[in-house]
Amino acid sequence: MDDRPRNGRLNGRIRTAAVLWGLVASFAILAAAFARNPWGRPAPREAIPLVDPAFLSTATNRRSYADLVRAKEDLSDYDCYACHEKGKPPTLRFDEHQNLVIPPEHADIVMGHGEHGRNNNCFNCHNENNLELLQSRDGRVLKFQDSPQLCGSCHGPTYEDWEAGAHGRISGFWNRTLGLIKRQDCVNCHNPHSPTFQGRKPAPGPHPLRPPATPVRAGPVH
Amino acid sequence: MSFPDPQPHPAVPPAADVSRRSFLRTSAVLTAGLAALASSLRPLFEMDDFPSAERFMQKYYKELTPEEMAKVLRRIEGEVEKQYGIRPHVRDLRPMDGVEFVYALNLTRCIGCRKCVHACVQENNQSRDPEIQYIRVLRMPHGSLDIDKAEHNYAPESVPEKGYFYMPVQCQQCRNPPCVKVCPVHATWQETDGITVIDYDWCIGCRYCEAACPYWARHFNFAKPAIPKDRLNPEMAYLGNRPRLQGVMEKCHFCIQRTRAGRYPACLEVCPAGARKFGNILDPNSEVSYILRTKRVFIQLKEELGTSPRFFYYFDV
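Residue numbers (the working numbering), protein chains in the order written: chain A, 1 to 222; chain W, 1 to 317.
So here's chain W without its partners, still in its complex pose (with noise of 0.2 Å):
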């Protein structure tokens, strides 16, 4: 074994040094790696939609004042309208007072149809292709609850079929979410109305959210999401349903363009067997006050992980 030449090199060679031979070498290397790197940068110069230094510099929702966000709104209008072609009414609606939000499901109604899972898809513009659904219909065998035996996939002729019930899953807007806990950089946050929503701006799509959520409840935005112009929902929130980024998370918010304006979700209304309910837990009349005092209310889906879903799954008798 024989150690390399003990002389010391000189720090810097003399320009005397520098060989035609040594000099095409390295322009030839140079030139090659600054052509790879050009190729790989390719998709960059591909991307058309660079996002504007307004949208890049903006703040944090909570952050926002009133006119900033007003200012934000008439943007986000404006992409929105150069996407799709239609103007929408983009709204930052805030909580009201006195008011929790409160969904409860009759199992025994649910005929499995899957209606709602299309309607929340239509109403939240969801991408369709890739496709992200919020509701997850699960059909399950009489007589158990074992989410090992539901089937998702299920694809009869006709529902209801002989011997399964059917659970729809969405958000269950946990009291005590873990999705917000691991949110590292708080876009993500429970409302005082009991509505868990996200800042789609501030989120770095980590995706910690969607391994903690218990619930399969978030989904996130692989591919820049897909909706067909003809079905854009025009009526649109902050932190609602206006069109989501490649990259960031999204879940069931109770529809809020639709519940903070008191209106009723849209699962709920198109749901043929009127299995669904909603309401204001505070308020004693509505309906699921009603409901959590009368009716056999069975579970809050795994409830044994002390969630403490706003989600209740009742039966009817």
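Chain A extracted, bound-state conformation (with noise of 0.2 Å):
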């Protein structure tokens, strides 16, 4: 009777003491862990490349003959007397389709201009008696510096949007007390023998940090 209250004190003595020095032991396994690290770090995940500095080029597609002309540029390839002889236009050449057919020294020229692919006299934007001109629809006759009033003799309100800076690129200063805004010219982006945009190459996306669970969907969403 009287035993059994000091033992069970010698009892929850040792149990205590076995806890603690429990606890002791595993911290110090843990301390030792930390500080020797046996596991070693994770491997480390593939670096993300660096985007291609491509992409972040804010050059044009094309160059106008204006942006020659202001770069003091070779002008060659404007220089239709060197090959065509003047004051006698040259005769144009169609197949059975009545489509043009492109003479080998103008292979570059890829006649794109409207789905509808009517639009393939050279002459309706050259002028056939002076070629270093052109001549829009409505009987202007302009200088290549001003494409632009050509184009806007047909694309009138894309022109507007134009004027308006609401259509094509853009740079320089929003504000124009501060600075000048430079506002690109139509055959800056457009090839005027086929202005549609050709497909590119997208910039990479967000890296997803591991490889895809589930290829990414070709098709279209449903």
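If you're looking for bench data, these hints aren't it; they were derived computationally from the structure.
Each hint should be verified, as a subset may be incorrect.
[As the list claims (entries may be wrong)] Negatives, chain W to chain A, calculated, CB over 10 Å:
| # | residue |
| --- | --- |
| 1 | Q83 |
| 2 | K181 |
| 3 | K302 |
| 4 | E303 |
[Unchecked claim] Here are the simulated DMTMM-like pairs of lysine to aspartate or glutamate, each with C-alpha atoms no more than 20 Å apart in a straight line:
| # | chain 1 | residue 1 | chain 2 | residue 2 |
| --- | --- | --- | --- | --- |
| 5 | A | K201 | W | E100 |
| 6 | W | K162 | A | E115 |
| 7 | A | K201 | W | E157 |
| 8 | W | K295 | A | E163 |
| 9 | W | K229 | A | D52 |
| 10 | W | K224 | A | E46 |
All C-beta atoms in this analysis are idealised placements derived from N, C-alpha and C, irrespective of residue type, glycine included.
Could you fit the two chains together into a complex? Lean on the hints.
And the structure:
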């Protein structure tokens, strides 16, 4: 009867000591493990590659005649009378489907102005009497530098948007009191002979950090 | 069941009670405990960029006097130079009078090339690894505007793809911004020109704003941002593109370092399709005024939420 409380206290003490020492030992093991790092660090994941600087370029697709003049560059491509004869309008040849036959000297030209394929006469835009000039459908004779006016003679609403700055590329200053706005000409982006934009490779998307679990959906989403 | 000894223990045991055994035991426990504590603090010792006292004690943006701001800007320039080896030009640009910025994006023209995403990263000194991008380009099937059907991991050989249109989404600079409402420390607010800005030195990184934003526009620096030295843009603004710290939020600020100096944002200038338009809506002659007046302005994204974005999507014709 007398012994029971003492034994109880003794058992309690032993238990406390065991728990304490157990804790100390586990802490010591953990401390050693953290300090020595026996498992090593997890393998670093693959670095995200830097984007190709080509995607950062603000250059336009093409350079207009006006750009070449401004930069005082080689204009020999526009020297029509190096080959053509002055005062003699070149003759155009068409195949049986009324498609323009492009002579081998102009093989770089791809005719594709308009989905209908009927805008296939060089002299819809070029002036046959002076090849170094352009002519609009309403009879104006224009210089190569003034080509937007030629485009505008057919594409009126787009021309209006362009004049207002709502169509086409702009850069520089939105605040005209602090600096100049630079507005690109139609032919800086569109090839006048086939103005539709060509497809291009997209810049890389957000890095998934791991291989995607399911392949990126290629077909239409339903 | 027996109750413990009812005898009360003495509050302070007399010195004679410290036996050799209990002394050794206590010191062993203490040593082990201290060792564990020290090893758990290891990352602290590995830290090499402790904030300077100046940075630690810095005041809130709105409380800084012009002299204090000048000092802060010099300090930031020094810190950036120390880290990247390039002396940047850091400015504190304030909103202009009579200016409210609006962005308009032509969904007819966007071809989904993602050049804007990367021009933005380059201009605004975002972390490259881990990656932070302010613009997310969504690819959506024609005939719907259901964000659930959007895909931003598209990777075809060539864009645009048949049957899809593309919708870049970035901070919409809301008139009624939910992110500002939830910030517990007022580290983000709307300026008079409509740009919602962040004081990176005041942000506590709680990410409430990230949760509040319905446009996924806010991004958190989970790790220390990594910017290659040769890709650092040295033209910086305090509320704009100065390098951020780990643990703070960031987002699109309409290229504050450019637009408050009168220039166009970087994403606009790089767009090969001319789909992006930006300007002062209070100026009736600006491009954005013309667009909102004459174009079919289709949506403000998620306009039913009442956030009233300053970012408009429109179509030609």
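Hints and how they fare:
1. Chain A leaves W:Q83 outside its interface by the beta-carbon criterion, the shortest separation being 18 Å against a cut-off of 10 Å.
2. At the 10 Å boundary, the C-beta of W:K181 stays outside the reach of chain A, the nearest C-beta of that chain being 28 Å off.
3. No Cβ of chain A comes within 10 Å of the Cβ of W:K302; the nearest lies about 20 Å off, and the non-interface call holds.
4. The Cβ of W:E303 lies farther than 10 Å from every Cβ of chain A, with a closest approach of about 22 Å, so its non-interface assignment holds.
5. The straight-line distance between the Cα atoms of A:K201 and W:E100 is roughly 35 Å, outside the 20 Å bound, and the hint therefore fails.
6. About 16 Å separates the Cα atoms of W:K162 and A:E115, which keeps this hinted pair within 20 Å; it holds.
7. Pair hint A:K201 plus W:E157 holds up; C-alpha atoms about 6 Å apart against a cutoff of 20 Å.
8. With a C-alpha separation of about 15 Å, the suggested pair W:K295 and A:E163 falls inside the 20 Å cut-off, and the hint holds.
9. For the hint pairing W:K229 with A:D52, the CA-to-CA distance comes to about 16 Å; that is within 20 Å, so the pair holds.
10. Taken as a hint, the W:K224 and A:E46 pair is honoured in the structure, with Cα atoms around 17 Å apart against an allowance of 20 Å.
Hint 5 from the list above is the single one not met by this structure.
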